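Undergrad: First to last, the sequence lines map onto chains A and B.
Residue numbers for the first sequence follow numbering that gives the first Met the number 0, beginning at 0 and rising by one.
Residue numbers for the second sequence follow numbering that gives the first Met the number 0, beginning at 0 and rising by one.
I should point out that these hints are in silico values taken from the structure, not numbers from a laboratory.
Because the structure is a prediction, the values reported are computed rather than measured.
Note that beta-carbon positions come from the ideal geometry of N, C-alpha and C, so glycine has one too.
It is possible that some hints are incorrect.
[Claimed, not checked] Pulled from the structure, derived: some chain A residues nowhere near chain B, Cβ distances all over 10 angstroms:
no.: 1; residue: Met0
no.: 2; residue: Arg1
no.: 3; residue: Val4
no.: 4; residue: Gly21
no.: 5; residue: Glu35
no.: 6; residue: Pro37
no.: 7; residue: Gly42
no.: 8; residue: Ala56
no.: 9; residue: Glu60
no.: 10; residue: Gly61
[Said to hold, decoys possible] Covered stretches of chain A, going by a simulated chain B footprint (3 or more residues, C-beta under 8 angstroms):
no.: 11; region: 6-16
no.: 12; region: 45-54
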Amino acid sequence: MRVRVDRASCENHGQCVFAAPGVFSFDDDEELLYEEAPGPGQGEAVARAVRSCPVRAITVEGGRG
Amino acid sequence: MRGLQGASGAVVVVGAGLAGLRAATALRERGFGGRITLVGEEPRLPYDRPALSKDLLTGRRTEAENALPLPPDLDARWLLGRTAVGLDRTARRLALDDGSVLDYDGLVIASGASAAPWPGPGSPPAAGTHLLRSLQDARGLLLALGHGVPLLVVGGGFLGGEVATAARTLGVAVTQVHRAPLPLARAAGPVVGGFVAGARALAGVDARPGAAVEGFLGGRVMEGAVLSDGTRVAAGAAVLALGARAATAWLRGSGLRSAPDGSRAVVCDHRRRPLADDGAPVDGIVAVGDAAASPHPYSGDGVPAHLALGHWSEAVDHADTAAATLLGQESGTETAVPSFWSDQFGLRLRSVGLPRLADRTEVHDHDAARGRLEVSFHRGDRLVGALTANRTSRLAAYRDRLREDWSGLDRVDAHHR
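My request is simple: use the sequences and hints to build the entire structure.
TA: So this is what it looks like as structure tokens:
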């Protein structure tokens, strides 16, 4: 599973951090950080993050597994 | 009981916006293989409504870019430009405005909300007066902004601020009028209101807080307004951003309870089942999105047990639960805490919980120069919400604390089952 965030679209809604805190986080300068290749255990949380992003900035390639 | 046991049957979704689309998507994700029909009042497929007051007005996003993607395996029938006009719950039958009738095994109430019209006094000129709820509304406003005529924004809520922001971005002169002494007062209280008012002044908006529109100027075409403080505002266009109310007229007489808060939303339980007049949850129907009023953990002491929030996140968070309920499946374990956002005057306002219920605001960071704000909202000794400006990183911790309250709703509802 490869995760990609379109930085141009991202508006720091933070919904991905709520949905998948093990994959997405903010640093002290409000910059979004994320795991580009999260482990298989994160599949469901990442899917929730994709669904809850208001600007549809997150894409996932490859299976959930 | 006739129902959706297994994978067959027919689901009718009233509403073809985000809430309807997400509910239909969730039904497919949960394995529903029967027929799904979505009925939409607007003659178009689902689109992203929040952008209508932001990127679509400034031209940063096109209409094509604003369409919501449809899952390739949705396999739905779309009845667009058609309106539901009546529901017979006993016969499980929905009547449409063209005289046709749809039988259903499961019904999704996702008919959304519409903009509140001008309540008076008087009536505004037909030309140059805008509501903003649909894409059609946004097109009209976009044209007016393109002409560059001075804009009058009536209303101090989120929508009013966003429209004022878009207009200023385009270099249009803006006067914003609202009755409350501060913007966002009802939704987010005086601290946030004062902070936003400061950013609004920097953006060059001519703000008239604490004033009401006594009447409009112009016969057929908008020329401005007379305010309660006796001043006159010249404007070539006016946006009436006076809130929304649920589009539930089609449910009149169906015996479903509507919220006591004037929102006209359908009261539903934690599993998204609407409540009948006698308070019992109704099987075979679920309610999602802006048409629904949902339970929350802070009822009592003057706060109604169900609130219609109208947040984007509601439509997304409740879709899976609604699908599970219709299909007779266990819903997921993820707890949804309400959240909302608004981008205005250079501030990325992000919020969790229910700030509107607060009787006290605690300020943790207040830096007007950097546009940064972090506040928490409390009712008695309970945390009920938090809001940040340009400081989203601080929000997750509050949400984690609120989750406990919201996960308890499962237990509150348990006695209904």
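Undergrad: Confirm or reject each hint.
TA: Against the structure, the hints:
Non-interface status of A:Met0 relative to chain B is upheld: no Cβ of that chain comes within 10 angstroms, the nearest being about 18 angstroms off. In this structure A:Arg1 is separated from chain B by more than 10 angstroms, as the shortest Cβ-Cβ distance comes to about 19 angstroms. The beta carbon of A:Val4 sits about 14 angstroms from the closest Cβ of chain B, which is more than 10 angstroms, so the claim that it is off the interface holds. In this structure A:Gly21 is separated from chain B by more than 10 angstroms, as the shortest Cβ-Cβ distance comes to about 12 angstroms.
At the 10 angstroms boundary, the C-beta of A:Glu35 stays outside the reach of chain B, the nearest C-beta of that chain being 20 angstroms off. For A:Pro37, the requirement that its beta carbon stay farther than 10 angstroms from each beta carbon of chain B is met, with the minimum near 17 angstroms. The Cβ of A:Gly42 lies farther than 10 angstroms from every Cβ of chain B, with a closest approach of about 14 angstroms, so its non-interface assignment holds. For A:Ala56, the requirement that its beta carbon stay farther than 10 angstroms from each beta carbon of chain B is met, with the minimum near 13 angstroms.
Even its closest Cβ contact with chain B, about 16 angstroms, leaves A:Glu60 beyond 10 angstroms, as expected for a residue assigned away from the interface. With a cut of 10 angstroms on Cβ distances, A:Gly61 stays outside the contact zone with chain B, its closest approach being about 17 angstroms. Residues of the region 6-16 of chain A with a Cβ under 8 angstroms from some Cβ of chain B number 6, which satisfies the need for three, so the listed coverage holds. A count of 4 residues in the region 45-54 of chain A with a Cβ less than 8 angstroms from any Cβ of chain B is obtained; the coverage claim is therefore met, three being the minimum.
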